[in-house]
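Student: Sequence:
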Amino acid sequence: MSSVTIITSIIVLLAGLVCYAFISQTMSQKRQQKERLLLVLKSRVRNFKFILSGFPAGFLPKELTLLVQRSLLQLLEQLAKLEPGTATHKEDLQLLTQQIAEAQRQPPQSHQSVTVDNPQKAREIKACLEELYKFIFHLEGKKNLTKAQADAYRGMIRHLVLQLAVDSYAAHGRIAREKGKLRLAIHYFDLALKLMMKERTSGSFDARITQMRALIKDLEDRLQNESNNAAEVAKDDGDQPPVNSEWDKFTQENWKKKQIYD
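Take any residue in the sequence shown, note its place counting from 1, add 1403, and you have its number in our numbering.
Mixed in with the good hints there might be a few duds.
Dumping the calculated BS3-like pairs for lysine-lysine here, alpha-carbon to alpha-carbon at most 25 Å [unchecked claim]: (1) Lys1582 to Lys1597; (2) Lys1524 to Lys1537; (3) Lys1582 to Lys1620; (4) Lys1546 to Lys1465; (5) Lys1437 to Lys1452; (6) Lys1452 to Lys1465; (7) Lys1433 to Lys1484; (8) Lys1433 to Lys1550; (9) Lys1484 to Lys1545.
Because the hints were derived from the structure by calculation, they are not lab data.
The task is simple: from the sequences and hints, build the whole structure.
Tutor: Right, dumping it as structure tokens:
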């Protein structure tokens, strides 16, 4: 075998090894990119499922429900393409498609306020609203929503947070009343009343304000007639503070931080 043949063979071999290494590296990079994308998509899917499952039936307005559902649908479609053999993706898509169809059939004005009478549930719902609020900013930043659209969605969330704060005050008031702590109950009911008075617009909360005033008046009358309550200490028995503390610090800057959608 001549030296030329040997050199040519070596060059061909080296070229083949270089090509193999390049192809192998490219495939490895694509595999790693796919794995990272899957992790991101699955994390987002979990987050959207957390948001949707965290609200009581009928709590979210139709517009917000459809916004989250359609966003989740897009993520599931991407997952189904990346993992076509995974049956759960197809099942999730089918179920979500049915839920979207049901939500679309609801009349625009069918939403009714849902009262949350459990303080722990109120805190869980607040966490879901916070995630949804961040997501609105994300969509606006990506130009998927106009500022007017984003402001409208944020207005809906703001009203829900207000409603949740009032519910939380009222729930703590009822707990205090059941424990016989009338002064503490009056304190919480009065906070709920003041918040509704401060934030009500276009007659919102009017019926509830009337109800709350009557409730406070009844408790004040009872308290006046029960001398043994005179020395009652108004404290919360170590219970967690009402979720309304979030209302006091509800600002766009605080609630839009820590994006996980980018």
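Student: None of the hints should be skipped; say for each whether it holds.
Tutor: Right, here's what the structure says about each hint:
| no. | hint | result |
| --- | --- | --- |
| 1 | Lys1582 to Lys1597 | 23 Å, holds |
| 2 | Lys1524 to Lys1537 | 20 Å, holds |
| 3 | Lys1582 to Lys1620 | 18 Å, holds |
| 4 | Lys1546 to Lys1465 | 22 Å, holds |
| 5 | Lys1437 to Lys1452 | 22 Å, holds |
| 6 | Lys1452 to Lys1465 | 17 Å, holds |
| 7 | Lys1433 to Lys1484 | 15 Å, holds |
| 8 | Lys1433 to Lys1550 | 37 Å, violated |
| 9 | Lys1484 to Lys1545 | 23 Å, holds |
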